[in-house]
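The letter at position 309 of the sequence shown is residue 346 when you use this note's numbering, and the numbering goes up by one with no holes.
Quick caveat, the hints were computed from the structure, so don't treat them as lab data. Some hints here could point you the wrong way.
Claimed, not checked - Have a look at the derived ranges for each label pair, beta carbon to beta carbon:
{"no.": "1", "residue 1": "Thr295", "residue 2": "Lys194", "range": "39 to 47 Å"}
{"no.": "2", "residue 1": "Ser135", "residue 2": "Pro370", "range": "44 to 52 Å"}
{"no.": "3", "residue 1": "Pro274", "residue 2": "Pro184", "range": "20 to 28 Å"}
{"no.": "4", "residue 1": "Ala100", "residue 2": "Pro372", "range": "34 to 42 Å"}
{"no.": "5", "residue 1": "Gln381", "residue 2": "Lys328", "range": "29 to 37 Å"}
Said to hold, decoys possible - Listed next, the in silico EDC-like pairs over lysine to aspartate or glutamate satisfying Cα-Cα at most 16 Å (straight line):
{"no.": "6", "residue 1": "Lys216", "residue 2": "Glu289"}
{"no.": "7", "residue 1": "Lys143", "residue 2": "Asp160"}
{"no.": "8", "residue 1": "Lys68", "residue 2": "Glu116"}
{"no.": "9", "residue 1": "Lys65", "residue 2": "Glu342"}
{"no.": "10", "residue 1": "Lys186", "residue 2": "Asp203"}
Glycine included, each C-beta is placed from N, C-alpha and C at the ideal position.
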Amino acid sequence: MRRFYLLVAVAIAMFAPIGLAQHAGPYKVLKTARVGGEGGWDYIYADVAGRRLYIPRRGTPAAPDVQTRLTIFNLDTLEPVGEIAGVGGQGAAVDPKSGHGFTSSKPVSMFDTKTITLIKTIDVGAGQPDGIYFDAFNERVYVFSHPTKDATVIDAKNGAVLGTIDLGGVPEQCVGDGKGMLYVVMQDAQGSVTAVDVKTMKAVAHYPLGDKGRCNGLALDAKNHVLFAACASSGNPPAQPAQPMMVILSAEDGKIFTSLPLAGGSDGAVFNPSTMEAFSTHGNGTLTVIKEKSPTSFEVEQNLETMNFARTITFDSKTNHILTMSQERGPAPPPPPGGGRGPQGTPVAGSFTILMIGK
38 MRRFYLLVAV
48 AIAMFAPIGL
58 AQHAGPYKVL
68 KTARVGGEGG
78 WDYIYADVAG
88 RRLYIPRRGT
98 PAAPDVQTRL
108 TIFNLDTLEP
118 VGEIAGVGGQ
128 GAAVDPKSGH
138 GFTSSKPVSM
148 FDTKTITLIK
158 TIDVGAGQPD
168 GIYFDAFNER
178 VYVFSHPTKD
188 ATVIDAKNGA
198 VLGTIDLGGV
208 PEQCVGDGKG
218 MLYVVMQDAQ
228 GSVTAVDVKT
238 MKAVAHYPLG
248 DKGRCNGLAL
258 DAKNHVLFAA
268 CASSGNPPAQ
278 PAQPMMVILS
288 AEDGKIFTSL
298 PLAGGSDGAV
308 FNPSTMEAFS
318 THGNGTLTVI
328 KEKSPTSFEV
338 EQNLETMNFA
348 RTITFDSKTN
358 HILTMSQERG
368 PAPPPPPGGG
378 RGPQGTPVAG
388 SFTILMIGK
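All chains, full assembly: derive it from the sequences and hints.
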């Protein structure tokens, strides 16, 4: 996810403010916690039952004093709770029943959420873990790999690898309906969603998204079987500058209901069944709220300014809060003389920040 985001962020960042004024709404940034800490980051994960927030941080060879670790925060106060040294990766997921957590690292790390200690590591073969999803339906964890275009299935109770699922594309975010079906959005230039039967561990359908592609976010209204696929590009050939869109489709047969504009290129989406709203966070520092007025009628309710590079998202269903994260950066160096994408600005030390969003 991080690699793709870097490719599109510069292209869309300058267009962040467009349309924000006419989409004022009820949501605002309720709280920011400048928790600091250096190192790379990707996904953010809310353990609603355990009231914990998990953010893996990655060390880099260029900064040997910055160590890979899993950082853990109180989901209500955003205060630090602890960390597990050496456990990093892209994202985390937790099985509240067994108290086992997992990170999408290579190898995958399995940890105890109560003692905040590593239990063991799990070999995933040729897979390069990126996205990760826990499905309570059968207490399994799904770890997604871009190059192998599949998901490794892990038993959350004991960490056993149960097999892999061929997804037919480059997988990003996954959502489940709680009844045995998973849906995975594909990051390919030709966007699609793959439907998976968890009982057979096989893909049972592929839903193409027309001329929308480079999709990273996926949310689900499980009651009405509606999917929200957040895509960074649209048009054939893709429009320039980029025109990110939310493609809204049926989870039952892939029928597309409509597509609505997003305020930036998404790197994550969630759905709140209590308010019938889908949310998409973007690397240009915006969040788009889409209201489901009926199972076939939708509108952009709000575009909210958040924090630049706050691109991934998690949802606390107990409080109806959205959480995202970012860090401040200095001025970006100029792009190369021959054109193309220039480097990002240098991160500001100690500026890593968690944002809590709500009404």
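* Asked: If you check each hint against the structure, which ones fail?
  -> 4
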